[in-house]
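Enquirer: Relying on the hints, combine the two individually framed chains into one complex.
Okay, here's what each chain looks like letter by letter:
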Amino acid sequence: MLKEYFIRRALYLLPVLIFISFMSFSLIYIAPGDPAEIMMTSPSGGYDEAAVEAFRIAHGLDQPFYIQYLNWLKHAAVGDFGYSYMSEQSVFETVLDAFRNTLTLSVLALAIALVIAIPLGVVSALKRNTVVDDACRFGALLGVSMPNFLQAYLMIILFSVIIHWLPASGFGHGTDISYMILPAIVLGTGSAAIMMRMIRSSMLDVMGKEYIQTARGKGMSEKIVIIRHALKNALVPVITVIGLSIGFLLNGSVVVETIFGWSGIGNLVVNSILSHDYMMVQGSVLFVAIIFLLINFFVDIVYVWANPEIRYDRNS
Amino acid sequence: MTLRMKLSLACTAVFFAIIICTGCVQTEDSEEKVLRVALTTGPDTGGSLDPSISWEGWPMRRTGIYETLFSYDENMNLQPELATGYKQLNDTEWEIQLRRNVTFHDGTIMEADAVISSINRILDPSNSRSSEYSFIKNVYKTDDYTIVVETNESYAPTIFMFTDTIMSIVSPNAENLDTEPVGTGPYRFVSFEPGASIELVKNPDYWGEAPKIDRIIIQYSKDAAARTLLLKSGDVDITRDVLQSEYATLEADPDTNIVSKETLRTYFMYINEGKAPFDDVRVRQSLNYAIDRQEIVDTALEGVAGSPAVGIFPDIMPWNANDKIEAYEYNPEKALELFAEAGITQGSDGRLYYNGKPFTVEIQTYTKQSVHQPMAEVIAAQFEKIGITTIIKIAETNSISSDAAAGKYDLALYSWGVAPVGDPDYFMYSHFLSTGTYASTWLRYSNPQVDEWILEARAETDEEKRAELYDMIQEQVQNDAVLVCIAYKKEIDGLSPISRVLRFIQTNTRSLQRKWNLPEELKNERQNYRTLE
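Residue numbers (the working numbering), protein chains in the order written: chain A, 119 to 434; chain B, 451 to 983.
Chain B on its own, in the form it takes in the complex (with noise of 0.2 Å):
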């Protein structure tokens, strides 16, 4: 063959390439109503689709494919899904009446004893997440729709563990959950391309609200740029996780609709207390006055990914005490007055002295979520301001947690989604109980009466009792200027125009946002769409 030959073959190539795609790009949509959607991460490396693997439940929820026994409305109600309702029978037994009518995708009816084998996937020691569920003893069934949880001691979260992706409802009779999931949510699985895409189509026989979409293809994309021009393009509906600097144009561009809605992540700094002198309350609490948390909010976040903290709990949580507690404001003067009370004396030159040396913090944080660095210098331009010298040190999350446990931190900067399954007893007991994991090695802050009040609530089984005791305990931990906290995390969602966006609403929301994830702004929407009906 001559080269010139070989040469207009490629060339063919080519072109008759660029005219299949053109022809397959138009010849889109018919009667179908699909949804596309962009999101950031999609299951894991490897690509296994179980949600009872590590953390890959959470992606699956997303899809729709998978229910819980519990779950959140979007005001953080708990709410029945697969059950109707629970019972507490003693102070370890909880009796959990289950759903009728509802079969798996593959057809299988779910009863008892499917629901069984499915927590007993989570009980098993095999599991890498087993140990979260230790409070179990038991799970047995009383009849073909009631399931009783017997737990070890009194332990109250116990309902609320069953919100957790984790303990999605899977099909006794699925072959192989990796790579077909058999749920009994509104949408069943099509496909999967391992860190690209997954598709779902509508469930005809789901036991709620009838699906009102037909298709919906999920996009995974890292890349947020690509994301905001997934959207730009039209090739998705929704993309989730948009830049807060590109929320002003979006905003401005009347092809897209852009939102910015509460979550449950909270960006707070660790103090170590086991070095001077931040084992001083005072200290700690002028590192409380010395920061302008409306300006962090307005500089680094733009205004629109967040909004100013008080305490741990952001203000949509339920069991947040931000009303009773007292907010550390901006104030510079007293956060001067305090340190010198400490011995943190100004110096001539208006820097701020500890032992004769000049007093420096080392603010140490990661960069996985992007907004930490910028962040962390607003921070360091306010410290500066009243004298403190700061470093900001970028790492990684495992070396500053090496740092942490090894004592040789000053302030690390992080964030948290701080009630995975809605229960305060999880970061309360990680952080503030002396023993707690986060309590003892990073914050190495211990206070017996806070100690006593943890486990006293974890043991309440009375919701106001226990909401008592988290009140105390949200007071006793701000005071003890235990943490700065800075900020509670808005999430930035982009949404095409009007008409395709109403598709989007038309469908069962829960399947596409995390449970309480679901913005006011489309509820309006939705109300509207009922008006247009």
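Here chain A stands alone, though its shape is the one from the complex (with noise of 0.2 Å):
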């Protein structure tokens, strides 16, 4: 059956990565202006008509917008994204360097995120409407209502600027994990907070299922109803809000990679539309949708493995 799924949910993809790719490709020609104009435009503020020219027809721009779109699906289709229009170099590659930063900092955020939430989440549902459960809750909507750049320039002051712990940002060699401390904190308390109220109300939810007062009722000691019933069962799901948060991580954040300098993938797309760099724009925005979905795909398989009470079948 899971086989099953596995196969249909497959294939569903398809479709949406095709219309992806050709919302991607087409938000850059409905946006006003000339993509050769543009980019010939120096930083200094002219562009030369001659060179504009060329441009166009180097880059086959001077052909209907329908082949165009054809000729770059066809080569995105296995795998090549076509080159920068600013720096002629592989959009593939230079996509897949700044995913492998964003990936470093995403496993450290994602793990800073269930360090905090998963305790917090439990003691708060555990300790229900005490003072402990009124802090966390209240961490919660802080972490949940404070924008990440605000957090982001706090975290500055006080580690880098009064305390002088932590670069204030900056990328190191993408090594250094003392540059992707703040990033990773601003990135996961975000999740995290997310993540703790999701898991309070789960818990909440199975602590008075029937189940757990049989556990309780068999004589097992409160620390194994509470791990091995409670959480486990609580967690299914909280899947899905992992997995988002994995999918939002591994897409980059656009305003913490950019206040900290990191050379990830929502620096790129930032930096890329602003230098209008189409190809770049075209090639990032369609790699990072790929990996949302499939993302999002894993996480539907998960969910339905670890809880078997949850078919899709057709028939059910």
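These aren't lab readings, by the way, just hints derived from the structure by calculation. Fair warning: there could be bad hints in the mix.
[Stated by the list, open to error] Just a few of them, taken from the derived set where beta-carbon distance is under 8 Å, the chain A residues facing chain B:
{"no.": "1", "residue": "155"}
{"no.": "2", "residue": "173"}
{"no.": "3", "residue": "198"}
{"no.": "4", "residue": "204"}
{"no.": "5", "residue": "252"}
{"no.": "6", "residue": "274"}
{"no.": "7", "residue": "282"}
{"no.": "8", "residue": "286"}
{"no.": "9", "residue": "385"}
{"no.": "10", "residue": "386"}
{"no.": "11", "residue": "393"}
A virtual CB, placed ideally from N, CA and C, is assigned to each residue, including glycine.
Expert: Next comes the structure, spelled out in structure tokens:
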């Protein structure tokens, strides 16, 4: 059954992918202006008409829209996203490099999020309506409501400007963990707040279930009841939230990566949009969309696998 | 594995991380003199480091890796760099003598063949900017240290065109200029993280004055607030492009120095002469009289990020005629008078009317330059004061550009680096020659007399005569009120306390500041430092 579901779900991806590719390609063309002219406009302000014309022909921009799209799609299908208009570098390789850096940051952020969210969520549920619960819920509210950029600046001011523990921003060589801590905390706490609230309500829900009473009745210790019975079941709905968080983290937080100067995919997308690097924008948008789709796909699969109660058969 | 074990492992990992990082921040600095700099933009997306690709040469110049045949000193005087001099042989041939005893970072000797192959990379039709150099017919050598540039026609800016960073001289033996730049400059390439940073180390074999800093780390940060925080936290010694709104607080902070310096960027407004009533010179002059440039500088630029403009060229541009041409002083009465002559009259409600309808002006602008919008708002308020109904439209540059090409705009507030190679021809040719890109599609300006002067000046190689022609052009376009020139941009840079800045000053400043950008304050401090010695 799971296998069938897997295949059917995978087939659904295809039309979505084609739709996304069309959107990411055409969005740029819906924007006003002539790409060749924009590309050939110098930072000081002007452009050279002969250069614009030459650029247009060299990059096939003189051809009709649908031919350009089909050409692009044909290449994209085999992983060739073309070359950056600005730097003439391979889009796919550039995107992949940036993605690797975002991945590093995401893993750390997710770890931070889980480390904060799970214990606090459980404690909050167990100590429902006590000072502890209120404090946790207040913290979560703060985490959800505070914009990333504000938290980022506050953390930089505290940890870099005042107590000089961590660098204010930067990338190091992508391996120096001191540069990762602040951005990872900012990213992680945002996700943690959402996860914590989800875990809390899910735990409360589960704790009221009969099987928990049964387990208690069997004389199991409260610890085992909470961890083995309650938490395990409470985590199932949380998987979706975690999956979504991973999706968001992997697609790179534009705000966080820009403030911290992190060489990830969010930064790449912003830079490409600012410099109107069409090929790069199209390539990276398509790439992040695919990642998001795949994550969602796996979340669905894991969801079914983790909770056999859920069936997506057409017949059921 | 139980959940508790997993949790404690995760906690350990986080604590371990914190311990490592506090450790590495503290163990900084030994004998090595390191300079850390925060700049706004580095090599573009995709991160090729090849200066021959579009405008990658600009950020590469700031690294100190590459040099050009000629460059400018801080007073905008042309100076030889990898060349030692030039001679005009006849109307179309220029001989350039090359510097001897210069080696590339890979050990290759720089001589005529290397320079010619470097130049040919740009002349190749596949180079996206080759058309800018289409005036060159041929480049050949007469001996190992002499090359001759042959042009199609007499072309006065020839030598200046070799100061463009796209003309950086690269090693002919470099394996991959996209990832491993090899030049002749005072600093050698170490590593690059796209969109994040570039690291350089001094070139012990540099032909000029030995670089005094051992290592430079340039960090790129688009976020202005983050750049200021980098300076405050001591993570960088220099940060460029500080927001004007932070000038006062940084100036008051004893731990930071702040400087504001002239640039070659001018803020101005295009006027659509193709649309009535802007085809009337009196209307264009009125618009010029209606704005108070000092107030714009004091408010939108907070008094520190610019100075009021006269003509299109800033005062630091040697070709400017600002002391010879008449500035448009703020004079609302005169503006109203000229408007009335042109048929734009005041109604009983004090508003201006044109053809029985309220006289409405739309100012289009974009926000990539952050001060454009506040500037447009101040201008709109000044226009409103004399009864012009003013609308501000914020758009993307490409949308403004297509509106302009279609003739569907009134005014467009822009800013240009008016002389990328220091030569006046670039702006004059594109904006005031009736067939020029911007004259024909944006301004729709045409003055046969100006056309004649521009073409004459382009071919005139006698500098004095050429300067006279440009003075006349600047005077004429000022009288024709082709543009509304508003202000000259000043860039604000933040520097760390003097002890650390000294390390910066000891170095060859040219490698970091773009040629003409060395601030006066720094020069003074360099002298202070010398007397300290």
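Enquirer: Now tell me, hint by hint, if it's right for this structure.
Expert: Verification of the supplied hints:
1. The closest approach between the C-beta of residue 155 of chain A and any C-beta of chain B is roughly 7 Å, which is under the 8 Å cut-off, so the hint is satisfied.
2. For residue 173 of chain A, the shortest C-beta to C-beta distance to chain B is roughly 6 Å, which falls under 8 Å, so the interface hint holds.
3. Restraint check, residue 198 of chain A versus chain B: the minimum CB separation of about 15 Å is more than 8 Å; hint violated.
4. A cut of 8 Å between beta carbons decides the hint on residue 204 of chain A: the least distance to chain B is about 4 Å, and the hint holds.
5. Contact between residue 252 of chain A and chain B, as hinted, is not supported at the beta carbon level, the nearest pair being about 23 Å apart and thus beyond 8 Å.
6. Annotation: interface hint on residue 274 of chain A holds; nearest CB of chain B at approximately 5 Å, less than 8 Å.
7. Given hint, residue 282 of chain A at the interface with chain B, holds; its Cβ is 7 Å from that chain's nearest Cβ, closer than 8 Å.
8. A hinted interface residue such as residue 286 of chain A counts as satisfied when its beta carbon comes closer than 8 Å to some beta carbon of chain B; here the least separation is about 4 Å, so the hint holds.
9. For residue 385 of chain A, the interface hint holds, since its Cβ comes within 8 Å of a Cβ in chain B; the closest pair sits about 5 Å apart.
10. Given the 8 Å rule on beta carbons, the hint for residue 386 of chain A holds: about 6 Å separates it from the nearest Cβ of chain B.
11. Interface restraint check: residue 393 of chain A against chain B, minimum CB-CB distance 5 Å, threshold 8 Å, status holds.
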